[in-house]
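Visitor: Quick note on numbering: the sequence shown equals residues 1 to 706 in the UniProt record's numbering.
I should point out that these hints are in silico values taken from the structure, not numbers from a laboratory.
No false leads were mixed into what you were given.
Result set (BS3-like, lysine-lysine): computed pairs, CA atoms no more than 30 Å apart in a straight line:
| hint | residue 1 | residue 2 |
| --- | --- | --- |
| 1 | Lys427 | Lys294 |
| 2 | Lys572 | Lys547 |
| 3 | Lys103 | Lys455 |
| 4 | Lys455 | Lys427 |
| 5 | Lys448 | Lys428 |
| 6 | Lys103 | Lys432 |
| 7 | Lys294 | Lys247 |
| 8 | Lys673 | Lys391 |
| 9 | Lys704 | Lys401 |
| 10 | Lys247 | Lys132 |
| 11 | Lys294 | Lys401 |
| 12 | Lys427 | Lys448 |
| 13 | Lys432 | Lys455 |
| 14 | Lys428 | Lys455 |
| 15 | Lys428 | Lys294 |
| 16 | Lys704 | Lys391 |
| 17 | Lys547 | Lys247 |
Computed spacing ranges between beta-carbons, pair by pair:
| hint | residue 1 | residue 2 | range |
| --- | --- | --- | --- |
| 18 | Arg669 | Arg393 | 19 to 27 Å |
| 19 | Leu324 | His207 | 28 to 36 Å |
| 20 | Ser446 | Leu324 | 36 to 44 Å |
The beta carbon of each residue, even a glycine, is placed where N, CA and C say it ideally should be.
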Amino acid sequence: MAPASPYQSLGENEIRILRIHPGADGDRLSASLEHHDLNSTDHLYTIISYAWGPPEDPHFPCDVHGVTFRLRKNATQILKTLRSPDRPVRVWLDRLCINQTDKVEKSAQIRLMYRIYNLAETTVIWLGEADKSTQLVANYARGLDIDSILAEYRASTRFNAGQKKFILDELAGHPDMVAIVNGIATLFEAVWFSRVWIRSEGSVSRHVYALRGAFRFTWDQLTAMAHLYQPRATMNWPEWTTTGFNKIEPTLNTILAINLYRVRELQMRNQEATYTANPLFTHIVQARSSLTEKPHDKVYAMSSMASDVQRHRNEVFLRPNYALSWQEIYINAVIFFFAQHEIAYQVLEQAGVIYQGVNSDLPSWVPDWRYPALTQIPALNEWMAGGDRSKVRTRVSSLNKKERQRLLMYRGPLSIAPLLTPLDRDKKQFAKDRARFEEERSGYDSDKLQAEESKLAIQAKWLSYRESASKAASVLEIMLSMQDRIVYLSPRSTWMDDLSFNDNRDEVRAIDAGNLAYLSSTDKDQYITSESLRQAYNATLIFMQNKDGEGASEDLIASAEEWRSWLQRGDKERTLAGAMYHSCIENAFTFRDYTFAYSEAGYMALVPAISNVDDHIVIIPGYQMPFVLRPVLGEWYQLIGTCYVHGMMRMDAGILIEEFDIRVTDDGRCLIKRPQGDVRANGLKLDAGRYVDILGTLGNRWVKLV
1 MAPASPYQSL GENEIRILRI HPGADGDRLS ASLEHHDLNS TDHLYTIISY
51 AWGPPEDPHF PCDVHGVTFR LRKNATQILK TLRSPDRPVR VWLDRLCINQ
101 TDKVEKSAQI RLMYRIYNLA ETTVIWLGEA DKSTQLVANY ARGLDIDSIL
151 AEYRASTRFN AGQKKFILDE LAGHPDMVAI VNGIATLFEA VWFSRVWIRS
201 EGSVSRHVYA LRGAFRFTWD QLTAMAHLYQ PRATMNWPEW TTTGFNKIEP
251 TLNTILAINL YRVRELQMRN QEATYTANPL FTHIVQARSS LTEKPHDKVY
301 AMSSMASDVQ RHRNEVFLRP NYALSWQEIY INAVIFFFAQ HEIAYQVLEQ
351 AGVIYQGVNS DLPSWVPDWR YPALTQIPAL NEWMAGGDRS KVRTRVSSLN
401 KKERQRLLMY RGPLSIAPLL TPLDRDKKQF AKDRARFEEE RSGYDSDKLQ
451 AEESKLAIQA KWLSYRESAS KAASVLEIML SMQDRIVYLS PRSTWMDDLS
501 FNDNRDEVRA IDAGNLAYLS STDKDQYITS ESLRQAYNAT LIFMQNKDGE
551 GASEDLIASA EEWRSWLQRG DKERTLAGAM YHSCIENAFT FRDYTFAYSE
601 AGYMALVPAI SNVDDHIVII PGYQMPFVLR PVLGEWYQLI GTCYVHGMMR
651 MDAGILIEEF DIRVTDDGRC LIKRPQGDVR ANGLKLDAGR YVDILGTLGN
701 RWVKLV
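With the sequences and hints as input, model every part of the structure.
Guide: Pasting the structure below:
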């Protein structure tokens with residue numbers, strides 16, 4: 001007979017505390033569970049923050065009330081490290097203190113996570129076993145002038161960081177410099193730093209320290225080393241470094257972000273600071289590179305830290321609920337963000353098909369926070385294609401059954417979900433297959449049994465995937481101020497990275513020549529900005545900016561002709577003006593991630609390389625960047641991603657709409673009610689140039705995104 005479950009129902013504000021029984025180093029782990037009321041005054045327990053580790057890790061036994069749990073390596077190691085030989089130790093360990101098989105309890109405990117960590121006496125972080133460099137790094141950390149380094153760090157977040165201390169300078173001449181620098185990098189490669197939950201765990205805990213084997217690091221020591229490891233500017237690291245900076249940069253950013261939040265929390269507790277905004281959206285974006293076992297946790301782990309969630313804590317859709325699909329969680333979060341004017345203007349620039357993972361089945365207007373953000377257009381601060389940020393206008397609705405079925409059957413490019421069999425029918429068939437299997441399994445040999453179980457598991461996973469897709473069928477209605485169809489798109493090159501460019505010179509030169517030939521075939525002699533078509537094209541290829549992300553000068557744009565000569569000659573020398581223009585091409589990822597497009601009314605644009613002819617370039621009021629949309633079945637659009645439209649990046653659409661009093665009727669017709677322009681502005685509001693050519697693309701209108 002199986003032993004009784006060690007779990008008893010929890011009250012509304014109750015958690016379980018694990019009492020580790022005394023034991024010697026080689027003894028098997030033994031513990032008991034006790035209920036603890038968070039409303040009590042006694043919070044003498046230690047939080048254990050650790051990485052679960054992969055499922056294939058070795059598992060070790062831990063006896064709890066007569067039930068043997070199999071714990072992975074990390075949990076076992078830290079429990080044994082904290083265990084005392086002569087007294088019980090009270091800890092909170094998520095793996096054992098939450099009934100992992102009870103989704104309702106798990107959701108309720110997640111909602112208490114802020115209080116669980118905030119009320120605990122101590123939080124201990126497990127960074128894994130020590131290695132040969134750990135003692136050297138621990139000795140170095142103990143010798144740091146922590147107060148001085150942290151004071152410099154706090155100042156560098158507000159002022160010029162160009163004079164900050166840097167670890168290579170601080171250790172210059174030290175006999176163990178190489179071992180210490182590489183040892184710190186190895187420490188920061190610990191899996192714990194990649195977990196999404198550490199941002200809330202480290203931020204809201206009152207007293208935090210980390211263990212690497214038996215070696216202890218205070219949180220201030222970790223923060224100080226992270227600050228020292230950050231270079232003052234982009235640099236080439238010495239060849240003797242064993243870990244690339246790009247591998248640990250996310251860890252450094254995470255540690256420093258946690259420290260900023262910890263300082264804010266301390267100030268708030270001591271009433272030294274007024275309310276400071278730390279919205280959920282900002283936390284989720286910062287955590288995109290962090291790892292999690294469940295996609296839901298990219299939202300839930302950040303909720304306890306978010307100032308706007310604290311203000312709206314009664315909103316049902318913000319409460320952790322693992323019964324919902326992760327797609328529904330992401331949609332609910334976006335709806336929450338669109339309701340906040342100070343955040344709404346940022347959401348869509350994180351979204352789009354270009355940034356979504358394979359088979360995400362999210363609506364295109366919902367960011368796929370499961371993955372780090374990919375390359376985005378380097379935006380100039382002064383760009384504001386959509387004008388006033390408070391002008392974002394949205395409405396969210398659900399697809400009806402007929403609309404959903406139409407989308408499920410859509411087989412166009414980047415189809416929503418090409419699932420042609422009704423879901424209910426497949427559910428019934430799965431139930432029949434499962435019942436048949438249970439009836440016949442006694443007659444199967446081991447191979448047949450394994451094959452049938454595997455087949456049913458795949459079938460169940462596919463149904464779950466489709467169930468999520470059907471629940472995620474929501475529509476975003478959003479207002480546009482400009483819309484035009486792409487009629488020409490240059491080919492995408494096979495150029496992959498800067499180092500391989502010489503293998504692609506001829507290909508890039510041919511694409512460029514083809515673009516210029518197309519422009520020569522149009523009936524235009526000037527661009528809308530009054531530039532020549534060639535000048536406008538040269539500026540478009542580099543997003544109108546230099547390699548340092550500043551506005552491009554006329555001389556730099558003109559050097560495109562020298563760039564073409566440089567391509568023709570095959571020079572590798574990069575000191576000439578043409579090579580400088582090429583550096584801007586590389587910085588913009590033109591011909592690779594972004595490709596040149598020309599629209600029906602004559603706009604020149606750089607658009608995501610997955611764009612198609614007949615896609616639309618649009619401007620959305622309130623957004624810094626224009627977007628590419630893809631028509632779907634004549635009724636909806638998919639959001640592809642952000643783009644650059646030359647001559648339309650500085651509120652031009654809004655100014656022109658007001659200048660010429662442009663309206664769009666319900667049936668989509670554009671009415672220019674003041675074709676002579678605003679005579680009261682005496683021509684000073686906007687040098688119209690050839691902008692009259694594109695007036696028919698302007699005017700506020702609603703579209704539906706799926």
